[in-house]
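A.B. asks: Protein sequence lines, in the order shown, are assigned to chains A and B. For the first sequence, this note's numbering gives the first residue as 1, with consecutive numbering after it. For the second sequence, this note's numbering gives the first residue as 1, with consecutive numbering after it.
Hints were generated in silico from the structure; no laboratory data involved. Please note that a few of the clues may not be correct.
Unchecked claim - Label-pair ranges, simulated between beta-carbon atoms:
1. A:P168 / B:S323: 35 to 45 Å
2. B:S323 / A:T151: 33 to 43 Å
3. B:A294 / A:I47: 28 to 38 Å
Positions of the beta carbon are idealized from the N, C-alpha and C atoms, including for glycine.
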Amino acid sequence: MSDSTVTVQGAHTAHEHPPYQRHHFASMEQQVDTTSFAMWLFLLTEIMFFGGLFCSYLIFRNWYYPAFVEASHQLNIFWGTLNTGVLITSSFTMAMGVWCAEMRKKSALVLCLVLTFVLGLVFLGIKYIEYSEKWEKHHVPGFHYSLQSFTNPASDAEVHKEYPDDKPLGVDMARHTELYFSLYFAMTGMHALHMIIGISLLGYLIFRAQQGAYTTGHVTFVHNFGLYWHFVDIIWIFLFPLLYLISRHS
Amino acid sequence: MSTDTIVRLPDQATARIPKVNFLSKENGLLSWLLTSDHKRIATLYLISITFFFAIGGTLAGLIRLELLTPQSDLMAADTYNKVFSMHGIIMVFLFLVPSVPATLGNFLIPIMIGAKDLALPKVNLLSWYLYMIAGVMVLYSMITGGVDTGWTFTVPLSTHYVNTNVITTGLAIFVAGFSSVFTGLNFIVTIHKMRAPGMTWFRLPLFVWSNYAASILMVLGTPVLAITLVLVVLERGFGIGVFDPSKGGDPILFQHLFWFYSHPAVYIMILPGMGVISEVVSTFARKRVFGYTAVAFSSVAIAVFAFFVWEHHMFIMGVSNYSTLVFSLLTMLVAVPSAIKIFNWSFTLYKGSITFETPMLYSFGFMGLFTIGGLTGVFLASTGTDIHLTETYFIVAHFHFVMVGGMLMAFLSGIHFWWPKWTGRMYPEKISQLAALITFIGFNFTFFPQFLLGTLGMPRRYAAYPAEFQVLNVFSTAGASILGIGYLLPILYLTWSLKYGEIAGDNPWQATGLEWQIQSPPLTENFTEIPVVDHDAYDYEWLEKKEKEVSSVG
Ligand code: HEM
Ligand SMILES: [Cu+2]
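Full structure from sequences and hints, please.
C.D. replies: As structure tokens, then:
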């Protein structure tokens with residue numbers, strides 16, 4: 001079965017590979033190239049995934065503008081901003097982690113990963129606080145949603161103080177605030193789900209990093225995980241202004 | 001019909017199946033369930049896809065039996081709804097979408113480009129597990145009450161009115177979606193990064209090109225379907241209202257999101273099939289595919305256009321006339337690259353030295369039936385006629401011509417064509433040709449009457465119908481039983497051939513692809529050494545030269 005098209009390529013045998021090179025790649029370079037290309041492509045699918053949600057959000061925001069503005073007043077800017085800070089910091093610690101892995105600094109890598117892990121948990125903790133606030137104020141769609149805060153803003157003294165211009169919405173318009181919260185929960189929920197997956201993977205990474213797996217010069221996995229983590233942060237960087245900030249004062 | 005087969009080389013007639021090959025390498029269930037060899041995973045897919053096809057086919061049989069008589073006597077209307085919904089869901093998501101890519105694509109793409117495996121072997125195995133999980137979930141939801149929304153999960157029907165397993169099925173399709181995203185992603189990465197030296201883009205077999213295009217669709221379209229189904233599930237579970245007009249949501253938004261995936265999905269289903277046809281036509285006409293570049297680019301063009309036509313599923317939904325006009329024109333544009341393919345295959349056949357082995361028969365079936373399916377699509381792309389024909393049996397006939405007449409023919413063509421490579425043994429030629437013929441006849445008997453029923457106005461998705469439609473329905477049901485035999489035969493004789501088939505040798509068709517230059521069945525890592533490619537795809541002169549060399553040495 002050997003024929004004119006088949007010639008020996010190079011002279012490497014299986015045992016010249018570094019141990020982390022998978023058998024079906026011709027070189028380490030090809031392996032690194034391939035896996036990071038795959039990761040970028042995966043992130044593209046993620047963009048399409050969130051894209052559906054962003055489109056829906058923008059459409060409904062256009063249709064029910066007053067309802068969306070007033071509903072956004074119900075979000076807690078303080079927690080939102082804090083969480084944005086937390087995430088950006090975690091992106092930084094993650095980037096440091098990748099650098100440490102490249103520099104083969106094992107304990108620094110573990111430290112960075114642990115920090116990222118903790119910051120991720122803090123983010124989820126704060127999300128939990130925000131979600132429970134919504135629950136208490138009856139702003140979770142479906143279950144026991146209440147229009148009170150929108151048909152009668154004065155009843156919501158705290159928010160009313162901050163946004164004294166909020167006018168009572170007619171019931172018809174006020175009902176659309178529920179849609180705002182639906183999208184709020186769907187989008188931040190999907191994002192949180194990505195965080196949970198990320199944090200679980202981080203757990204595994206920390207475990208492996210401690211065994212010295214990523215300080216051998218082979219950092220593809222840390223690298224690709226870093227891309228994922230940054231991507232999830234970037235999604236939040238879009239969510240935060242869209243849900244919390246834009247047109248807040250009109 | 002002429003039945004001359006290609007003359008075998010003498011050494012192939014006495015060949016044995018190589019002792020070491022990917023099938024024999026390891027034994028035991030675990031060696032299969034934990035394999036990362038793309039050929040074994042392809043085999044796993046082949047078995048599971050056949051299984052789901054059998055279930056979907058049985059349901060089709062039940063549908064046709066019910067429609068034998070005008071009354072709904074075999075099953076009640078709501079059972080009927082569940083049966084055709086399950087039939088559609090299983091056929092689309094568990095058979096058509098993965099069929100050629102996950103089986104033949106998985107098996108062939110690495111070999112065709114001279115790689116030892118797909119770029120991400122473990123992800124490949126993960127895809128199969130996701131597929132199986134989805135399959136089990138669908139079966140579970142079928143046993144525990146079924147779904148009756150049709151495969152389109154149309155809201156608000158699916159979210160508010162039906163009382164069936166929408167959540168389980170929706171999540172199942174979500175999971176199946178990820179299986180298909182990962183397969184597509186794996187193919188794209190592999191084709192970009194794993195080509196052997198000398199295997200340039202324009203030396204790629206057209207099968208690789210068409211799977212590449214389909215993969216783009218899988219990667220960009222499927223996530224949108226996934227998020228849409230998540231929203232449907234959330235709507236049902238928590239009443240979030242995104243698609244619910246009573247809360248200000250919009251069912252039309254669902255349609256946009258759903259068809260943004262599901263129109264391209266039609267091409268996810270058909271493009272890989274077209275790739276099969278290119279290979280088969282070239283091999284049995286012994287000519288390079290006419291207009292290779294045009295055929296390659298037409299795949300990509302289809303992939304791109306496919307994203308801009310989704311609205312033609314919504315002509316009757318009160319979208320604006322202006323956008324309807326635009327989408328109507330865009331839809332007709334997609335016909336151009338498809339037509340390019342048909343023309344180029346015909347030119348390839350023209351003056352070729354054609355032989356009529358089974359794969360070629362199925363390919364002819366594909367070309368004929370797909371053309372009819374495509375042309376009737378033009379009626380549906382024109383808004384005027386669409387308004388008359390939509391939701392009638394015309395639609396049912398149209399998509400069965402494209403999907404079953406097209407895709408399934410291509411699938412069978414490909415399975416027969418590469419069977420010798422896959423298993424090392426030939427299928428029995430005579431009975432296979434007979435099966436191809438039976439399928440073709442049965443198919444036309446089944447679905448042609450449905451065009452007539454559609455134009456006469458018989459609506460789809462009803463268990464009962466006015467008595468005047470019965471004659472045509474009887475024809476259709478009779479045809480379906482012929483078709484059923486046509487599908488059963490290959491399952492039987494292919495299984496038989498695993499043990500008793502004639503030994504195939506490396507290159508029974510004297511074809512030029514890299515896959516034919518290695519042993520059958522291949523080694524686990526395909527190539528002992530990575531090949532260096534020095535000729536274009538379908539270069540029969542190169543092959544002849546090589547054969548002379550071999551025989552002068554021997
Ligand atoms: C033996 C061959 C088959 C027969 C007799 C058959 C028959 C039918 C019938 C009568 C319907 C219901 C039409 C309606 O009331 O709207 C249907 C729907 C459908 N069939 Fe088939 N079918 C066959 C094979 C297939 C195959 C092989 C596929 C795909 C590979 C397929 C895909 C579909 C789809 C997607 C639907 C739409 C279901 C829905 O409306 O939700 N069919 N088929
Ligand atoms: Cu379409």
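A.B. asks: Each hint needs a verdict: does it hold in this structure or not?
C.D. replies: We went through each hint and held it up to the structure:
no.	hint	verdict
1	A:P168 / B:S323: 35 to 45 Å	holds, 37 Å
2	B:S323 / A:T151: 33 to 43 Å	holds, 36 Å
3	B:A294 / A:I47: 28 to 38 Å	holds, 32 Å
Consistency with the previously given hints is maintained throughout, with no hint failing.
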